[in-house]
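Peer 1: Residue strings, one per chain:
There are 2 protein chains.
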Amino acid sequence: MIHVVGHTATDYISHVHHLPEKNCSTHISERQIYFGGGAANIAAGIAVLGGDVTLISCTGSDFAGSEYDLWMKKIGIHQQFFLVPDANTPTAFMFTDDAGDQMTFFEWGASGAFATSEAPHLPFVHMATADPEFNCRVAERSEFASFDPGQDVFWYTREQLGTILANTDILFANQHEVHQMCVTLGVSRETLVRQVGTAIFTMSGDGSTLYSEGAEYFIPVVPVSLVDPTGAGDAYRAGFLTAFVRGYPPLTCCKIGTVTASFVVEYAGCQTHLADWSAMETRYRQHVGALDSPQSGKD
Amino acid sequence: MIHVVGHTATDYISHVHHLPEKNCSTHISERQIYFGGGAANIAAGIAVLGGDVTLISCTGSDFAGSEYDLWMKKIGIHQQFFLVPDANTPTAFMFTDDAGDQMTFFEWGASGAFATSEAPHLPFVHMATADPEFNCRVAERSEFASFDPGQDVFWYTREQLGTILANTDILFANQHEVHQMCVTLGVSRETLVRQVGTAIFTMSGDGSTLYSEGAEYFIPVVPVSLVDPTGAGDAYRAGFLTAFVRGYPPLTCCKIGTVTASFVVEYAGCQTHLADWSAMETRYRQHVGALDSPQSGKD
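In order, the protein sequence lines correspond to chains X and W. Residue numbers are given in the numbering used here: position 164 of the first sequence equals residue 164, and the series is strictly consecutive. Residue numbers are given in the numbering used here: position 94 of the second sequence equals residue 94, and the series is strictly consecutive.
No lab work stands behind these hints, which were simulated from the structure alone. No false leads were mixed into what you were given.
Computed cross-link-like contacts, SDA-like style, restricted to lysine to any residue with a CA-CA straight-line distance of at most 25 Å: (1) X:K73 to X:D276; (2) X:K73 to W:G65; (3) X:K22 to X:D98; (4) W:K73 to W:A119; (5) W:K22 to X:A92; (6) X:K22 to W:W155; (7) X:K73 to W:L70; (8) X:K22 to X:M94; (9) W:K22 to X:H17.
Whenever a hint applies, use it, and build me the whole structure from the sequences.
Peer 2: Shown next, in the form of structure tokens:
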């Protein structure tokens with residue numbers, strides 16, 4: 001069982017011709033609702049791949065019985081939610097105009113409850129963006145921890161990052177997050193890598209790098225028709241972690257993560273086009289090679 | 001049976017500390033979802049008062065089974081919807097900051113279908129804000145028509161307003177809408193009043209005026225603790241129309257409309273605090289006087 005800690009959120013993505021000035025209105029020409037939140041994206045990716053996963057999130061009274069709730073149950077995510085009756089589940093409203101300019105209104109909502117919630121003791125946990133202090137407590141109480149700071153990397157203090165990394169077995173980050181962690185900690189990239197057993201740094205469309213036991217491996221992306229890169233990192237982590245608990249070695253896990261991510265970017269939305277294990281395996285064979293059975297599973 | 005033609009919409013009302021600049025984000029400190037749309041507000045008001053009402057709106061694939069759908073069915077609104085599978089039901093996103101400045105993003109969505117839909121032949125219809133051309137066709141085919149131009153008053157051409165008013169038996173408008181109709185038509189307020197049999201002009205917290213058969217009557221508001229004036233006009237129309245089809249004379253209908261509106265403004269949202277007939281009647285007796293049975297009903 002993989003536990004994933006962090007946000008469940010709903011994203012309202014709208015297109016307008018012009019963003020409004022103050023005290024003006026504008027017309028929405030197109031609008032879509034997507035299921036999101038980094039932790040929920042990862043949990044959904046794991047569940048659809050066939051992994052056993054529990055999502056630990058904060059939700060409001062608007063969640064039970066919602067389409068998102070039904071979707072999670074349909075794909076088999078176990079929910080371990082801190083319910084905040086007086087709040088909404090985190091929600092983001094994003095508006096983009098014809099020129100590509102954006103405005104985002106983000107509602108933290110129920111996630112405020114992370115700050116005061118008791119951290120569970122977990123055998124295998126991935127910590128996605130959430131309350132930094134809560135993630136610290138989760139890291140300290142976990143047996144095996146994986147971590148990605150996500151866009152909240154700025155909110156982590158030096159002490160918080162130090163606590164989490166000291167308890168992290170696998171670190172995921174993109175180039176921007178790596179840079180920010182190095183700045184916050186006052187260390188080099190090499191020192192950061194040495195602090196954790198295994199590090200995977202992603203470079204958007206330029207592939208990813210695995211640092212494991214002193215060695216460094218480059219994993220190229222799978223060439224697909226890119227529609228929306230959002231959610232690629234979460235899908236990568238879902239693929240990696242699902243493969244990891246099945247006993248695949250880290251380099252194979254990275255390749256499985258890359259293949260898993262290649263599905264998500266073909267459609268808009270982070271949970272719109274998730275791969276099951278069979279679809280992932282087929283594409284893996286086409287672009288990477290044979291996928292042998294792992295030697296030992298931890299699932 | 002009263003038919004009400006116009007928008008069904010969902011309003012997302014959010015508070016933020018600061019409205020965002022382009023390419024920036026802001027945090028939502030509070031957010032509520034309200035059921036709205038002028039026609040739907042009026043239909044809900046009539047239904048809760050115990051009137052028999054059918055709502056004619058355009059809805060998208062997001063409506064069936066939604067909380068709004070369930071609410072309408074619970075209070076007994078008959079739905080006669082133009083379903084647009086590829087569109088959303090009209091939705092408004094309103095953001096207000098600490099200084100009281102606002103930004104509104106409005107999604108017309110499914111309501112685009114009014115333009116190409118066939119107007120029904122109706123015995124008693126109220127036309128709220130909708131597509132002006134559709135309202136023209138409804139007015140021409142109706143036996144008895146009530147009309148309020150609402151905030152779309154700017155979109156009506158002189159010809160459209162002329163067509164509608166020539167087929168309107170009862171006109172509702174606030175001071176701003178009266179002014180705009182006079183400008184569009186190039187007529188005086190007196191001429192506007194003479195064009196319809198009965199006109200009711202509302203003046204927010206300053207009461208309303210009934211023009212009927214050459215006479216003019218002033219109806220003061222019912223003093224209540226004002227929380228949110230939104231929806232007062234729709235509730236007034238709901239009260240008036242429900243009473244009118246029950247056979248009350250226009251002046252009594254205005255008083256019932258005023259009392260009905262007094263409930264809605266005590267809470268935020270247009271359908272949050274609707275009065276049933278008994279509650280309306282109790283407050284009517286307290287503030288207006290005895291409410292006799294009508295001489296003849298048209299219900």
